[in-house]
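Each step along the sequence shown adds one to the number in our numbering, with nothing skipped, and position 65 is 65.
None of these hints come from the bench; they were simulated from the model.
Hints should not be assumed to be uniformly reliable.
With a cut-off of at most 20 Å between alpha-carbon atoms, the simulated EDC-like pairs for lysine to aspartate or glutamate come out as follows [claimed, not checked]: (1) K36 with D109; (2) K126 with E137; (3) K36 with E103; (4) K8 with D44; (5) K8 with E22.
Computed spacing ranges between beta-carbons, pair by pair [what the hints assert, rightly or not]: (6) W174 with G124: 22 to 30 Å; (7) I12 with S122: 27 to 35 Å; (8) S122 with F192: 45 to 53 Å.
Because the structure is a prediction, the values reported are computed rather than measured.
The C-beta atom is built at its ideal place from N, Cα and C for all residues, glycine as well.
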Amino acid sequence: MSRSHTGKLYDISLPSNYSGMEVSILRIRTRSLWMKGANFSFFDIPSRILPWPFSRRVDLVYQNLGNWSSLYYNVSNYTFVAPVIGLLAYNSSTSSPHYEQIELNLLGDNPIVVRFPNVSLSVGMKCVMFSTNGTVEFSNVTGMNSCMAHGNGHFSVVIPSLPSNKMKERIWKWWAIGFAGGIVGLILLLVFVIMSYKLIKGKIIKKMERQSERSEGLDTIWIGRSRMPSASGIRTQPELESSYVP
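Starting from the given sequences, assemble the full structure and let the hints guide the process.
As structure tokens, then:
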């Protein structure tokens, strides 16, 4: 890039073993970046941006990882629905001894817009940003399938992953165990209710027997396994109303 022209976008030729990946570079003056911003590839960069550490010229590098996205980046429990694209900044000033990566500081109110035109809206879809410091941030997808960013890094769109076959089997197994446990619990509850009912009924019968024994001195007999009160066999003897005998 030593002979590149400022303000012109260059496509970088990559080795054949990186087939499917795209890289472009745009060299821009810091003054122009501050005044006008920059629009290239899938990035709309607003004005009022300064590089940090400061440099007079900046190389903006665009990366499209394509089918390499999941090899370089991974989000637990989510699936990529768009390729990972990157916006990186490098110090391209001739006075700098090293070609070092720098940060883009947004000093205005407008964020960087990252567009994903080939993505269809889906339930649970999220923007994901892999910042240069290693953090991962999620945000909502805005209108026109765009994501908002406040710095350089790598970006994509993800949706929640569907359970794998092993996960489905595990869920079904736990559901079956829970169902069987519920049946066993219900049976134990019924047994407990029946035993409690019999115990309470027995106590009530015994209480009634004690009360009857205290109130009257009746004899008792056993009928089967039940103890029943019984009166003595005394009857009033019959008596004639008249003692006249013909």
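Hints, one by one, checked against the model:
Between K36 and D109, the direct Cα distance comes to roughly 14 Å. Compliance with the 20 Å bound is thereby established for this hinted pair. Distance hint between K126 and E137 is fulfilled; the C-alpha atoms sit about 10 Å from each other, no more than 20 Å. About 18 Å separates the Cα atoms of K36 and E103, which keeps this hinted pair within 20 Å; it holds. Between the alpha carbons of K8 and D44 the distance comes to roughly 16 Å, so the proposed pair stays at or under 20 Å and holds.
Straight-line distance between C-alpha atoms of K8 and E22 comes to about 17 Å, which keeps the hinted pair within the 20 Å bound. Range check, W174 to G124: Cβ separation about 24 Å, and the 22 to 30 Å hint holds. Distance hint check: the CB atoms of I12 and S122 are about 32 Å apart, consistent with the given range 27 to 35 Å. Distance hint check for S122 and F192: the Cβ-Cβ separation is about 50 Å, which falls inside the suggested range of 45 to 53 Å.
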